[in-house]
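*Asks:* Adding 11 to a residue's 1-based position in the sequence shown gives its number in this note's numbering.
Don't read these hints as lab results, they were simulated from the structure. There may be inaccurate statements among the hints.
Quick list of simulated restraints, FRET-style, between CB atoms [what the hints assert, rightly or not]:
#	residue 1	residue 2	range
1	Pro-207	Glu-55	36 to 44 Å
2	Tyr-165	Arg-45	33 to 41 Å
3	His-206	Asp-145	31 to 39 Å
4	Ala-44	Ile-213	32 to 40 Å
5	Arg-143	Met-12	14 to 22 Å
6	Ala-22	Arg-51	12 to 20 Å
A quick note: this is a predicted structure, and the numbers were derived from the prediction, not measured. Where a beta carbon is used, it is the ideal one built from N, C-alpha and C, also for glycine.
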Amino acid sequence: MRFFLDTANVAEIREAYSWGIVDGVTTNPTLVAREGRPFREVVEEICSIVPGPVSAECVTLEADSLIAEARELAGWAPNVVVKVPLIPEGMRAVKVLSQEGIRTNVTLAFQAAQGLIAAKAGATYVSPFVGRLDDRGHDGMEVVEDIVRIIGNYGFDTQVIVASIRGPSHVIRGALCGAHVATMPFATMKQLFQHPLTDLGIASFLADWEKLKGKLGRA
């Protein structure tokens, strides 16, 4: 499973990328707006930090406009992936863009049928939003599992991104069902490292080392 960082904060991206586990970045208009900087400037800087896929979102809703916007975004850096909404006009655009070799991330998927549609249109990625489904009383990961199975059944090239992640359990369930990517906030990625027994083990090892140093006469 590949890990994408779901943020537009350059400081978070630099730190997480230094850990050696970040394969890409996803952004959206809300995340970019929080940074108070021009959209293109933020995207280009992220692309210079992370060589893997960096998703930048289109904000138009008609196919012709989406195609034009996607072409512009894709021209900003070779690793830009264009986010397109899962609507009929979006799928019309994805069909054209895929034929042109422009990579797409079809976003706002909430049911398995939408994942199938995205794959048939030629999406590079499809992003089921598990957290938002959970917030409405559904099990978002069941949708991920269904989409992964459907794509496997028919050999589509589309990869499944577990998106709208709320915590490490979404990451692990996604990995267990064979999802290709998990995109997560910086805080969630940090949580993947954490377990109280790890902290206790480190404290114990360090305490034992201090005792050993005293016996060895080392400062």
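*Asks:* If a hint holds in the structure, say so; if it does not, say that too.
*Replies:* Against the structure, the hints come out as follows:
| no. | hint | verdict |
| --- | --- | --- |
| 1 | Pro-207 <-> Glu-55: 36 to 44 Å | 41 Å, holds |
| 2 | Tyr-165 <-> Arg-45: 33 to 41 Å | 39 Å, holds |
| 3 | His-206 <-> Asp-145: 31 to 39 Å | 23 Å, violated |
| 4 | Ala-44 <-> Ile-213: 32 to 40 Å | 39 Å, holds |
| 5 | Arg-143 <-> Met-12: 14 to 22 Å | 21 Å, holds |
| 6 | Ala-22 <-> Arg-51: 12 to 20 Å | 19 Å, holds |
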